Amino acid sequence: MKKLMMALTIAASFAVAGPALAADKLKIGFIYIGPPGDFGWTYQHDQGRKQLEKELGDKVETTFLENVPEGADAERSIERLARAGNKLIFTTSFGYMDATVKVAQKFPDVKFEHATGYKTAENVSVYNSRFYEGRYVQGVIAAKMSKAGVAGYIGSFPIPEVVEGINSFMLGAQSVNPNFKVKVIWANAWFDPAKEADAAKALIDQGVDIITQHTDSTAAMQVAAERKIKAFGQASDMIKFGPETQLTSIVDNWGPYYIERAKAVLDGTWKSHNVFEGMKEGLVVMAPYMNMPDDVKKLAEETQAKITSGELKPFTGPIKKQDGSEWLKAGETADDKTILSMNFYVAGVDDKLPK
Amino acid sequence: MMRIEIVKRPQHSVLFSALSPFIALFLTLIAGAILFSVLGKNPISALYSYFIEPLTEVWSIHELLVKAAPLILIAVGLSVCFLSNNWNIGAEGQFIAGGIAGSILPVVFPDFQGWYVLPIMLLLGMAGGMAYATIPAFLKVRFNTNEILTSLMLVYVAQLFLDWLVRGPWRNPQGYNFPETVQFSDSAILPAIWPDSGRAHWGFALAIIAAVVVWFMLSRTLNGFEIKVLGRSSRAGRFAGFSAGRLTFFAFLVSGALAGLAGIAEVSGAVGQLRTSISPGYGFTAIIVAFLGRLNPLGIIAAGLVLALSYLGGEAAQISLGISEKSARIFQGIILFFVLASDSLIYYRIRIVSRLSETALKGA
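As they're listed, the protein sequences go chains A and B.
The first sequence: position 334 = 334 (my numbering), numbered continuously.
The second sequence: position 17 = 17 (my numbering), numbered continuously.
Keep in mind that the hints were calculated from the coordinates and are not lab data.
You may find that some hints are simply not true.
To be verified - Derived pair list, reagent style SDA-like, types lysine to any residue, alpha-carbon separation capped at 20 Å:
| no. | chain 1 | residue 1 | chain 2 | residue 2 |
| --- | --- | --- | --- | --- |
| 1 | A | K87 | B | G322 |
| 2 | B | K326 | A | P36 |
| 3 | A | K119 | B | G175 |
| 4 | B | K326 | A | F191 |
| 5 | A | K195 | B | P280 |
| 6 | A | K352 | B | W164 |
| 7 | B | K228 | B | F250 |
| 8 | A | K337 | B | G175 |
| 9 | A | K102 | B | W164 |
| 10 | A | K87 | B | A205 |
| 11 | A | K119 | B | S185 |
| 12 | A | K102 | B | G198 |
| 13 | A | K50 | B | G322 |
| 14 | A | K228 | A | Y289 |
| 15 | A | K195 | B | S185 |
| 16 | A | K119 | B | Q174 |
| 17 | A | K119 | B | G281 |
| 18 | A | K50 | B | S320 |
| 19 | A | K119 | B | N172 |
| 20 | A | K87 | B | L321 |
| 21 | A | K102 | B | I193 |
| 22 | A | K27 | B | W194 |
| 23 | B | K326 | A | P193 |
| 24 | B | K326 | A | D192 |
| 25 | A | K50 | B | I193 |
| 26 | A | K106 | B | E57 |
| 27 | B | K326 | A | P69 |
| 28 | A | K102 | B | W59 |
| 29 | A | K195 | B | G281 |
| 30 | A | K106 | B | G175 |
Said to hold, decoys possible - Below, a sample of chain A positions facing chain B; criterion: calculated Cβ distance under 8 Å:
| no. | residue |
| --- | --- |
| 31 | T63 |
| 32 | R76 |
| 33 | R80 |
To be verified - Sample of chain B residues facing chain A (criterion: CB under 8 Å; computed from the structure):
| no. | residue |
| --- | --- |
| 34 | I61 |
| 35 | E63 |
| 36 | F178 |
| 37 | V182 |
| 38 | E266 |
| 39 | E315 |
Just so we're clear, the structure is a prediction, and the values are computed from it rather than from any experiment.
The beta carbon of each residue, even a glycine, is placed where N, CA and C say it ideally should be.
Bound-form chain A, shown alone:
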């Protein structure tokens, strides 16, 4: 009997130790808000995951869960990834924030990386991208290209990340044409091709001749292509969906960040941080400038270079809010905290911000 117990104990300890020995491979998990086939936000995160696998090869093993709703389900999905042995977990939507922090408390030895939020912990990092830098360049192009002087903007949800983009786009456009206007339609969804397409049609019917979007599908690009007007892609290079339509696109380039963080875990140098990076660090990349005259292209490239070098900061005064009150004095720049909690429009946006 004793022998049997001993044998069992040994077997059990091997059974437990077995996976630990094989765990030289770093398991990395991803939680996606949409399907990787959205060709937008989630697609770009998945591209980052693939780059990570390619770069680090058999040192890592990645898994993902797609279409995970924000809320009670997110907590379970994240916990499942943690229990499946993932030691580094990227949660790639704002709404996963509290769920990420909750699960992180239960798994102190697992590192968590939450995109676009603000809550950090010992083992929770936050990473965010200055998408609004790309929006400024788009605004400059839009004001040059538009004959109507009005652009249409399809918003997902009126959260700071999206409002920042609208304002930056507006400011970029006003730097070329002070009377430029932006019309906004809220799709109230990140990924809903039918709604996004309807919004694009409605905007075009209202007379806009440039479309830009902060939603995840390619629907708006396709509508713009049908109606023969110009548009900007979002999150990924959507040139395939509008070869004669897309002017440029803000490409979210997550790969280098994912590789850097995975390496940090492998080296044991991973530390919790809160990063907010943009063109300079290579997180925001502009797709090739197409379908525009050379002088516009040149101006866009110059603007991009200035933002990259830090010479131009989109949120630099004098800037008035939509209600006419002063936001930034001449020469004053907005700090990151203000940018990350932006909930007002600048002057010139033809929409009332849903409150």
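Given chain A, work out where chain B should sit, using these hints.
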């Protein structure tokens, strides 16, 4: 040329009624095995991770209960509606209304704390769901409006109202303008049943209690008899002196109260704050659960657990085998298809009518 007809069976077989879930399970396993083989996955391990893996770990069983609780609560209420021939499709809206009403205390008066907070919240949640369900009931009784349309449309109203609340007046002032309310204080959180091993909360216990109470009412009381009589034939019910209008209110109030309770239990037990969306469609999934449980509250407990398992299983299969979420959903659809089809075939049979026999019939 031929035509397919569905014909009611004169009597249904007791044997096959009992066997039907097992036949459905068997067919599901075969169809699932084919599906997974076509996808290039080992069917045995796919089915294992779908049906068994979520049950092998304690935390995962907790998650099963978390997922099943709202489905059972709502579906039990819906069974009363459907049995009495009231087609409440808007449980999702009543769920949200309950979540909102129940959150008044923790969001608007966060300093109001004590043991009594939680019971008040649950009662407010039920009241909210009930009040919201009264609207389609009133419209049906007073104006003879189609309750399917009104209750369904009110879902969108509730969703947008919640969205507005959470972005506007109820937004957490310290939350960087992100659309969420404050986190509920501890006294406003529905506690976990066994906090040491997982996060299943008392919402599941409430669901079981509700199921037993409604089962008792339906099978052992005059009220339950009234529901069934009026549901099958409103004319017969009238002769018996039952009032269809009163019953419509009753059915909507019961299902609204339970959906509202599910809403506040989910918000307080599983989420801990109000967000712009608090339900991944529980109110609609519960309709399937109600029919899967054959509109019997005790059957609904089992059906709720099965449906919850199919969600968790889909997730487990995504991780262990890399099956896409879409395939997992398709498989979930296959399960429901076979179960509901087997059930229908107990009561109905399919007859193939050829053109030839039809003309022969006409000739005669």
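Which hints, by number, does the structure contradict? Hints 9, 10, 15, 17, 22, 25, 30, 34 and 37 contradicted; others consistent.
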